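K.L.:
Quick note, the sequences are listed as chains A and B, same order. Numbering (numbering that gives the first Met the number 0) for the first sequence: 0 to 320. Numbering (numbering that gives the first Met the number 0) for the second sequence: 0 to 320.
Please note that the accuracy of each hint is not assured.
A pair counts as met if it fits within one copy or between any two copies, since identical chains are not told apart.
[To be verified] List time: in silico DMTMM-like cross-link candidates among lysine to aspartate or glutamate, alpha-carbon distance up to 25 Å:
| # | residue 1 | residue 2 |
| --- | --- | --- |
| 1 | K278 | E250 |
| 2 | K26 | E96 |
| 3 | K278 | D300 |
| 4 | K278 | E252 |
| 5 | K176 | E189 |
Just so you know, these hints were derived from the structure itself, not from any lab. The structure presented is a predicted model; accordingly, all values stated were derived computationally and were not measured.
Protein chains: 2
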Amino acid sequence: MLRQREDYVSGQELCDRLAVSRTAVWKAIGALRESGYVISSQPHKGYRLEETPDILSKSEIESRMQTRWLGRNVVYFDETDSTNTQAKRLAERGAAEGTLVVADMQTGGKGRRGRSWRQSPGEMIAMTFLLRPAFSPDKASMLTLLAAHSTADAIEKLTGLPAQIKWPNDIVINARKAVGILTEMSLSVEQGSIDYVVVGIGINVNTRDFPKKLADTATSLYLESGSRVGRSGLIAETMRRFEPAYARFLETEDLTGIQDDYNERLVSRDREVRVLDPKGAYTGISRGIDRLGELRVEREDGSIVNVYAGEVSVRGLYGYV
Amino acid sequence: MLRQREDYVSGQELCDRLAVSRTAVWKAIGALRESGYVISSQPHKGYRLEETPDILSKSEIESRMQTRWLGRNVVYFDETDSTNTQAKRLAERGAAEGTLVVADMQTGGKGRRGRSWRQSPGEMIAMTFLLRPAFSPDKASMLTLLAAHSTADAIEKLTGLPAQIKWPNDIVINARKAVGILTEMSLSVEQGSIDYVVVGIGINVNTRDFPKKLADTATSLYLESGSRVGRSGLIAETMRRFEPAYARFLETEDLTGIQDDYNERLVSRDREVRVLDPKGAYTGISRGIDRLGELRVEREDGSIVNVYAGEVSVRGLYGYV
Chain A
0 MLRQREDYVS GQELCDRLAV SRTAVWKAIG ALRESGYVIS SQPHKGYRLE
50 ETPDILSKSE IESRMQTRWL GRNVVYFDET DSTNTQAKRL AERGAAEGTL
100 VVADMQTGGK GRRGRSWRQS PGEMIAMTFL LRPAFSPDKA SMLTLLAAHS
150 TADAIEKLTG LPAQIKWPND IVINARKAVG ILTEMSLSVE QGSIDYVVVG
200 IGINVNTRDF PKKLADTATS LYLESGSRVG RSGLIAETMR RFEPAYARFL
250 ETEDLTGIQD DYNERLVSRD REVRVLDPKG AYTGISRGID RLGELRVERE
300 DGSIVNVYAG EVSVRGLYGY V
Chain B
0 MLRQREDYVS GQELCDRLAV SRTAVWKAIG ALRESGYVIS SQPHKGYRLE
50 ETPDILSKSE IESRMQTRWL GRNVVYFDET DSTNTQAKRL AERGAAEGTL
100 VVADMQTGGK GRRGRSWRQS PGEMIAMTFL LRPAFSPDKA SMLTLLAAHS
150 TADAIEKLTG LPAQIKWPND IVINARKAVG ILTEMSLSVE QGSIDYVVVG
200 IGINVNTRDF PKKLADTATS LYLESGSRVG RSGLIAETMR RFEPAYARFL
250 ETEDLTGIQD DYNERLVSRD REVRVLDPKG AYTGISRGID RLGELRVERE
300 DGSIVNVYAG EVSVRGLYGY V
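If we strip away everything but chain A, and leave its shape as in the complex, we get (with noise of 0.2 Å):
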């Protein structure tokens, strides 16, 4: 109430809308000011939100959701082992569609090989969002680019730092690895029909320092920025772009619909790459996603291949040379 009326909020308006006692409600403002909050009061006026700590909780999350059904259910954990695997229980337990795991830690994290790390709490956002949809298993693996491009606008929108996209789920700020995003799928072999998707987002968010290895090739949106950015906020604006981009891709079941931005954000695009066939690597020129979200490379006798998986490398990135 206090974050949406931006204003005064008087006492009694609280204790009649919630129904408790005044008693009730100066202990809830004293528990969310021990927490951070900074809620000033004035006699005859009430209560006024001022400062929001940057925390994560279920309804700090919840109260910034502007979707219609994404994150509209969010299960909060201070630390688990990985939201992805809490998301894939959940969905067993038969969780909702738009059901949101959020961890202000994740202790089993993983990127693509398997690399992980820990942070420190306040750090980072870890979440995944639980998708059933209809369509059929082939085209999952698009949900990774409307994803990394939901996230690279959010990134742009609260910071104002250029985040680009290394095909097909990584964003990069100058260079550096920022975002990583893991996609899961449960599917009935017989039908060849998804039972569900999981689509993990993981941002270094606040993160100051990264281990040695990593410090070259990772960074965080406060490194980037020079300034800490509020995460609840972040999760929520990420929800806000994918729940119309996903309601798109719904209709044409491909990505017409952010083709051509995603191409702008892309970090290869018009430079030259290697792509780790299992055939054979080979280098060539990205000339940006196609509508199936395939990376064309156009090869040095001037034919097109579409890449479709596996490992693409940047000449320029990530100490590719």
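Position chain B against the provided structure of chain A, taking the given hints into account.
P.N.:
Same frame as chain A, but now just chain B:
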């Protein structure tokens, strides 16, 4: 111990081996008799297991298991929503490969088109085992065929019934369905790697009655053979056959190990089938599976079409004329 010995085991030996008192042995024998086990006792000789009731329990199933790793750890439920769902929940919690979930009754079991029914205690087997293979997700559909084959073999061994396979995932006895198999998979979309696969097998064992709408198309081992079948033994026999077949599958990554036997059991073999292709239905003659598990259908013009998914009706089966 009683089952392994198949003869009298002295009370003293039971005390010594289990490191318990004589009273504890009496109590345990009493509890087993209470559950329906027929155990004879003779002075100076001890106890002998004469007859085992068809009860399912963790220890009953595990005591019959002759495998190396598959089904050695049994998670048993008197009743559960679905053993596939339970197995997936366990998988998300890190359960070991080979874990076997068994239920006496399934309340949320689903067939291919969402058909569900509910049987009485003692009638069916619902079992699901967990695999964590390293092969690529496109190979997973072959596991269904592998499981169908092992189950058909086990049924024929224990009952003498002619167990035929309706490609890809049903077992048919005398033109009625007795077994359904449902394989589900969880995978990482970016990495294209399998997290885990669960293979669920539902067997109508001792069912005496089916709902009217199923009576023409469904049957049970009891109805076909006229005698009750011990369910723990059937579970163990199925696992005993699947384990080596799976080992061979891991080597070849195709079905060469079972292809000929599978085709021997194929109910549609050299019969007319109707393929409900999304692009248009057509009829042809089923010529058996290839080594990738696809059904080879000969069309009128003599050409062979490979069917890899979707509904295939067999003329003369389940009311298709």
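K.L.:
Within, between, both or neither: how does the pair K278, E250 come out at a Cα-Cα threshold of 25 Å?
P.N.:
between (35 Å within a copy, 21 Å between copies)
K.L.:
For K26 vs E96, is the C-alpha pair at or below 25 Å within one copy, between two copies, both, or neither?
P.N.:
neither (35 Å within a copy, 51 Å between copies)
K.L.:
Evaluate K278 and D300 at a C-alpha cut-off of 25 Å and name the case that applies: within, between, both or neither.
P.N.:
Answer is within: at 19 Å inside a copy they meet the 25 Å cutoff, but 37 Å across does not.
K.L.:
Measure nothing new, just compare the shortest in-copy and cross-copy C-alpha distances for K176 and E189 to 25 Å and report within, between, both or neither.
P.N.:
between (38 Å within a copy, 17 Å between copies)
K.L.:
As a check of your reading, is K278 near E252 (CA-CA no more than 25 Å) within one copy, between copies, both or neither?
P.N.:
Answer is between: at 18 Å across copies they meet the 25 Å cutoff, but 29 Å inside does not.
Of the numbered hints stated above, the single one contradicted by the structure is hint 2.
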